[in-house]
Amino acid sequence: MSMNLSEFIHQLGTDPNSRDAEFLRARDSAPEFTQAANESDLFERRLGRAVAVPIPVNFLADLQEKARTAARVPTQWSYYAMAASLLLVVAAAGMVWRMNSMKFDSVEQYVAYHYQHDGEDVLSRAEGQQAGNIEEILAGLNVKLTPGLAGMVSLIKFCPTPAGKGAHLVITTPSGPVTIIFMPDTLVTDGEMLAFDGMQAQLVGLPGGSAAVIGSPGQDIAQWHSLVQSSFISPASEA
Amino acid sequence: MIHAVPAKPGFCNDISGIPVMSNESRRTQRFNALAEAYGADLYRYAMWICANDALAKDLVQETYLRAWKALDRLNDDAAGKSWLITILRREFARTFERKVPKFTDVDTIDVPEDTELEPDDRLEIQLLRRNIQKLPPRYREPLLLQVVMGYSCDEIAQQLAISKSAVMTQLFRARAQLTQRLQQDGVAGNVHELV
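Note that the protein sequences, when read in sequence, are chains F and X. Counting along the first sequence from 1, when you hit position 104 you're at 104 in our numbering, and nothing is skipped either side. Counting along the second sequence from 1, when you hit position 180 you're at 180 in our numbering, and nothing is skipped either side.
If you're looking for bench data, these hints aren't it; they were derived computationally from the structure. Remember, predicted model here, so these are calculated numbers, not experimental data. Incorrect hints may have been included.
[Claimed, not checked] Heads up, simulated BS3-like pairs for lysine-lysine below, C-alpha to C-alpha not over 27 Å straight-line:
| hint | chain 1 | residue 1 | chain 2 | residue 2 |
| --- | --- | --- | --- | --- |
| 1 | X | Lys-164 | X | Lys-134 |
| 2 | X | Lys-81 | X | Lys-57 |
| 3 | F | Lys-165 | F | Lys-144 |
| 4 | X | Lys-134 | F | Lys-66 |
| 5 | F | Lys-144 | X | Lys-81 |
| 6 | F | Lys-66 | F | Lys-144 |
| 7 | X | Lys-57 | X | Lys-134 |
| 8 | X | Lys-69 | X | Lys-57 |
| 9 | F | Lys-165 | X | Lys-134 |
| 10 | X | Lys-81 | X | Lys-69 |
| 11 | F | Lys-165 | F | Lys-66 |
| 12 | X | Lys-164 | X | Lys-69 |
| 13 | X | Lys-81 | F | Lys-66 |
| 14 | F | Lys-66 | X | Lys-57 |
With the rest of the complex left out, here is chain F (with noise of 0.2 Å):
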């Protein structure tokens, strides 16, 4: 039995992204279904807008800091808890100290410990997903991505690189998602192709840092070294 227009329209105040079938199948059953549904659809939009407030620049990197450093506290009841503590500080340190302190021979280098690191991990993180951070983590790094790069990013999060801090990006491309390191402050031979592990990587030269692009041979990565290239924009020469 098929759903009448107020079974409907109640479906559409309560689960308006319902996979129902029969709800489903009524929206374009007749009209006033569609025209119901679309009115819906332009209210949910809206809702989704209004509801998602922007999240304060650097919010989730504090977050991870804050944490960590609270961990650091030492309580008087027990040492244990103490130990326990330091551990993780070393531990949650530790990523960050071996990028930062360990010499890697060169940029080369680095993008593939990096890679091997946590790009296949990143990846997966970042299927299906759209990126809303974008703004804040790159304002962080004092950059900008123009709007049709950025309407590409599944995925972005900060990381350590050779310089200090960069940024880590997943883009969706027609052959599957891409890796992108942003190394600010740092010097890269433009266009050089790299071979680790079964991936490859294209560097990037970029107005005040670098980029490497990463990924499988098949991907054909080097078509986007332009794209990437004019993307990174700094917001002082926006203005």
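Go by the hints and put chain X onto chain F.
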């Protein structure tokens, strides 16, 4: 010309060449993943229940601090979202609720600059924000769990410890009230009548 890059010898690899992470590194990685996956949504949710930026930040930070301390008790990362929202709601009720001012002004939250937004959209979004804040908590909370946190009706029922049918009624009434108020404001001629 392709430059082959050897892995840094002896670094983070065991003898089989597979990268090895310590338990603490894994713990940190799990925590970071939870922060990145849900931190923004939890902040938004907190912002709506606290209606104050500083309180919302404190609430989310307190939530993640507790999560960090209790991370080993989270057996399944897939349950991370509901685990975190439970901590946040408990923390809000325990510590933050009494700090929330009676009257708050969500108009201070800027609608982000968006070239796709028409002036009418911006106005409607501002009015929606004001009206969401005016919704009774029993309607507002299920709606925020659904729209901000992406919860299903079943998940909302579980989180709020009420029946699914009660959740559906509250969601319907929440939307109906918002629609009605927008129509009273004269900007929602294109929103279907839900009431």
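Here's how the hints hold up against the structure:
Proposed proximity of Lys-164 of chain X and Lys-134 of chain X is supported: the alpha carbons are some 24 Å apart, at most 27 Å. Between the alpha carbons of Lys-81 of chain X and Lys-57 of chain X the distance comes to roughly 18 Å, so the proposed pair stays at or under 27 Å and holds. With a C-alpha separation of about 15 Å, the suggested pairing of Lys-165 of chain F with Lys-144 of chain F holds against the 27 Å cut-off. This hinted pair does not check out: Lys-134 of chain X and Lys-66 of chain F have alpha carbons roughly 33 Å apart, beyond 27 Å.
A hinted pair counts as satisfied when its Cα atoms are at most 27 Å apart, and Lys-144 of chain F with Lys-81 of chain X does not qualify at roughly 30 Å. Proposed proximity of Lys-66 of chain F and Lys-144 of chain F is supported: the alpha carbons are some 26 Å apart, at most 27 Å. Restraint check for Lys-57 of chain X and Lys-134 of chain X: the C-alpha separation of about 22 Å stays at or below 27 Å, so the hint holds. With a C-alpha separation of about 18 Å, the suggested pairing of Lys-69 of chain X with Lys-57 of chain X holds against the 27 Å cut-off.
At most 27 Å may separate the alpha-carbon atoms for a hinted pair to count; Lys-165 of chain F and Lys-134 of chain X exceed this at roughly 42 Å. The straight-line distance between the Cα atoms of Lys-81 of chain X and Lys-69 of chain X is roughly 16 Å, inside the 27 Å bound, and the hint therefore holds. Under the criterion of a C-alpha separation no larger than 27 Å, the hint pairing Lys-165 of chain F with Lys-66 of chain F is consistent with the structure, at around 17 Å. Straight-line distance between C-alpha atoms of Lys-164 of chain X and Lys-69 of chain X comes to about 32 Å, which puts the hinted pair past the 27 Å bound.
At roughly 20 Å between alpha-carbon atoms, Lys-81 of chain X and Lys-66 of chain F fall within 27 Å of each other, so this suggested pair holds. At roughly 11 Å between alpha-carbon atoms, Lys-66 of chain F and Lys-57 of chain X fall within 27 Å of each other, so this suggested pair holds.
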